[in-house]
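Colleague: One letter stands for each residue in the lines below.
There are 2 protein chains.
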Amino acid sequence: MWGTIATWRMAHDGVLKASEALQKNGTAGDAVESLINVVEAYPYYKSVGYGGLPNEEGVVEMDAAFMDGDTLAQGAVGGIHNVMHAVSVARALSHETYNNFRVGDGATKYATLNGFEMTNMLTDRAKARWQKRLKELSNQSLNPYDGHDTVGAVTLATSGSMAAATSTSGLFMKKAGRVGDSPVSGSGFYVDSPIGGAAATGLGEDIMKGCVSYEIVRLMGTGLSPQAACDQAVYDFEAKLKRRYGRVREISVVAMNAQGQWGVATNVEFTFSVATETEAAKILIAHPGPDKTTKIEPITQEWLTAYEKRIKAPI
Amino acid sequence: MWGTIATWRMAHDGVLKASEALQKNGTAGDAVESLINVVEAYPYYKSVGYGGLPNEEGVVEMDAAFMDGDTLAQGAVGGIHNVMHAVSVARALSHETYNNFRVGDGATKYATLNGFEMTNMLTDRAKARWQKRLKELSNQSLNPYDGHDTVGAVTLATSGSMAAATSTSGLFMKKAGRVGDSPVSGSGFYVDSPIGGAAATGLGEDIMKGCVSYEIVRLMGTGLSPQAACDQAVYDFEAKLKRRYGRVREISVVAMNAQGQWGVATNVEFTFSVATETEAAKILIAHPGPDKTTKIEPITQEWLTAYEKRIKAPI
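Note that the protein sequences, when read in sequence, are chains A and B. If you're matching positions, the first sequence starts at 1 in the UniProt record's numbering and goes up one per residue. If you're matching positions, the second sequence starts at 1 in the UniProt record's numbering and goes up one per residue.
Hint data in this document are derived by calculation from the structure and do not stem from the laboratory. Each hint should be verified, as a subset may be incorrect.
Same chains, same names: a pair is fine if it fits in one copy or spans any two.
Claimed, not checked - Straight-line alpha carbon distances no greater than 16 Å define the calculated EDC-like cross-link-like pairs of lysine to aspartate or glutamate that follow:
#  : residue 1 : residue 2
1  : K282      : E297
2  : K175      : D13
3  : K109      : E56
4  : K295      : E57
5  : K109      : E57
6  : K242      : D70
7  : K24       : D105
8  : K132      : D30
9  : K175      : E96
10 : K282      : D70
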């Protein structure tokens, strides 16, 4: 059995590419990296890679991680600059003996020294959005933090190996050096090949308070289905955080187990893409359902058309 | 009941200070911050704060975190420069609405803007050690990574509130921007007031593969004593990592529950300091025992004298 699941509609082309590779017995690591690379390179996705929105100073800072479910090896970067494929840097770091998680200029230095593609990641379109937002902020008191969709993915190879990875430009208008959950083990991602893997998207500050991805994998390890594990981890934590912290923001997760079964949970509207040996690649849309469940439906053509129009609309 | 436990002999003076405050009904947050501040300010501790050893470029880069067990609020810094008390910056960040985890120049910028004490953190002694090591490394192939003792602490206030915090200068001779487990939620620290808290020290790259602190708190939440939770989390994970990753390096943990009971586990020689309402502050020494247990003994005067001599020996 092979399979892959990834966060947001934007991941779909990557899921198609990863599926092709997995079908041909590609490795879980190669598949998850290529999946994320597709999203990173597409300029109209404003929260990941090229075209990602900058921090408040106008600098695109990216976070990414890679984890090998066989060995538990991890690599991660936080606040890396000018790198086309942050997830590929994270994967290379996972092969190092030490220094697997690097941030800021040190992360960028590693990418440069190791021959990764460097480019100015601030597109004209992202710059225009930033300038527009600066203007809006000077005029009125707005919540600047509305763009923070991470691409997170889990892959299962026919060999039984699994991998997980994430990539994001983080919160729009974040403070310099702000890091979210995406490069943080157990929060943004976790995978353990004999059990399964999970990845998260939403407000990293909240996700980190609960180590949500680790908890989902742990619950799958006790025998829960991926859907039951996602429902329990997300909705129990959401209720706890509301009670204890006073408020809770966006949290969405995807998970797949070693049998290729999958699950998602969310406290907002959440699209995702999934493909397995027995299920053709498809985009689905999830909403929170009653009694700590998740309602999952096929995406409509209307939704897709409106999305396409929205991401390419003039700034 | 009040109590506090912290990693390594170096934490003892901080434990004494925190105990005094907790005895007078001080808050868990104030106590854990002051505990760590004492260690950060002492120039002879070469792995934390002032006097901490630099990265391979000669720059002292610090990681720290603070977590409030009542609200689950967290603040953390990675690779911060020239700040006397990294844990105090982390605590201030835990009060922000967003941007709670900041790294590199962005973290340093936050500290500067918010009036934290800035100082050149590279002492003459640390510089001499670094220069000596550079020379050794140019002569022979040595493992440069032998200094990475984090101070990590958990506090329980008479009110029932708990807090956890960490601070470290990280691996000696680390690559620029390398971040370990200390600022990573669930790996270096975790605390949930109704249950308990935990903090870790050792090779961050390995600790992050298992979200060890989160797992200890979770196990205490199922009813395990802190000692049983530490033993299970550390020794099971150690065995798993050896099997899956092929090797495992130093991992040591401390934990305390909401009743003031405590536990530790380690796969090396590990000193720690603990005090509660019913136990006077003391330094103890732990070693791995048989069958996934931990052997804990009083520290000897001999050990303490040798330690004192070692940390102040000419470079």
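Colleague: Each hint needs a verdict: does it hold in this structure or not?
Modeller: Hints versus structure:
In this assembly of identical chains, K282 and E297 lie within 16 Å of each other by CA distance solely inside one copy; the values are 11 Å within and 59 Å between copies. For the identical chains of this complex, K175 and D13 are neighbours neither inside a copy (31 Å) nor across copies (36 Å), given an alpha-carbon limit of 16 Å. In this assembly of identical chains, the alpha carbons of K109 and E56 lie at most 16 Å apart only when taken from different copies (13 Å versus 22 Å within one copy). Taking CA atoms no more than 16 Å apart as the test, K295 paired with E57 passes in neither setting, with 39 Å inside one copy and 52 Å between copies.
Taking the shortest Cα distances, K109 and E57 sit within 16 Å of each other only across copies (12 Å), while inside one copy they are farther apart (20 Å). For a Cα distance limit of 16 Å, the shortest separation of K242 from D70 across copies, 12 Å, qualifies, whereas the shortest one inside one copy, 35 Å, does not. In the homo-oligomer, the alpha carbons of K24 and D105 never lie at most 16 Å apart, since the shortest distance is 38 Å inside one protomer and 44 Å across protomers. When the C-alpha separation of K132 and D30 is checked against a cutoff of 16 Å, the pair qualifies neither within a copy, at 38 Å, nor between copies, at 42 Å.
Taking the closest pair of Cα atoms, K175 and E96 come within 16 Å of each other only across two copies (11 Å); inside a single copy the shortest separation is 29 Å, beyond that limit. When the C-alpha separation of K282 and D70 is checked against a cutoff of 16 Å, the pair qualifies neither within a copy, at 27 Å, nor between copies, at 42 Å.
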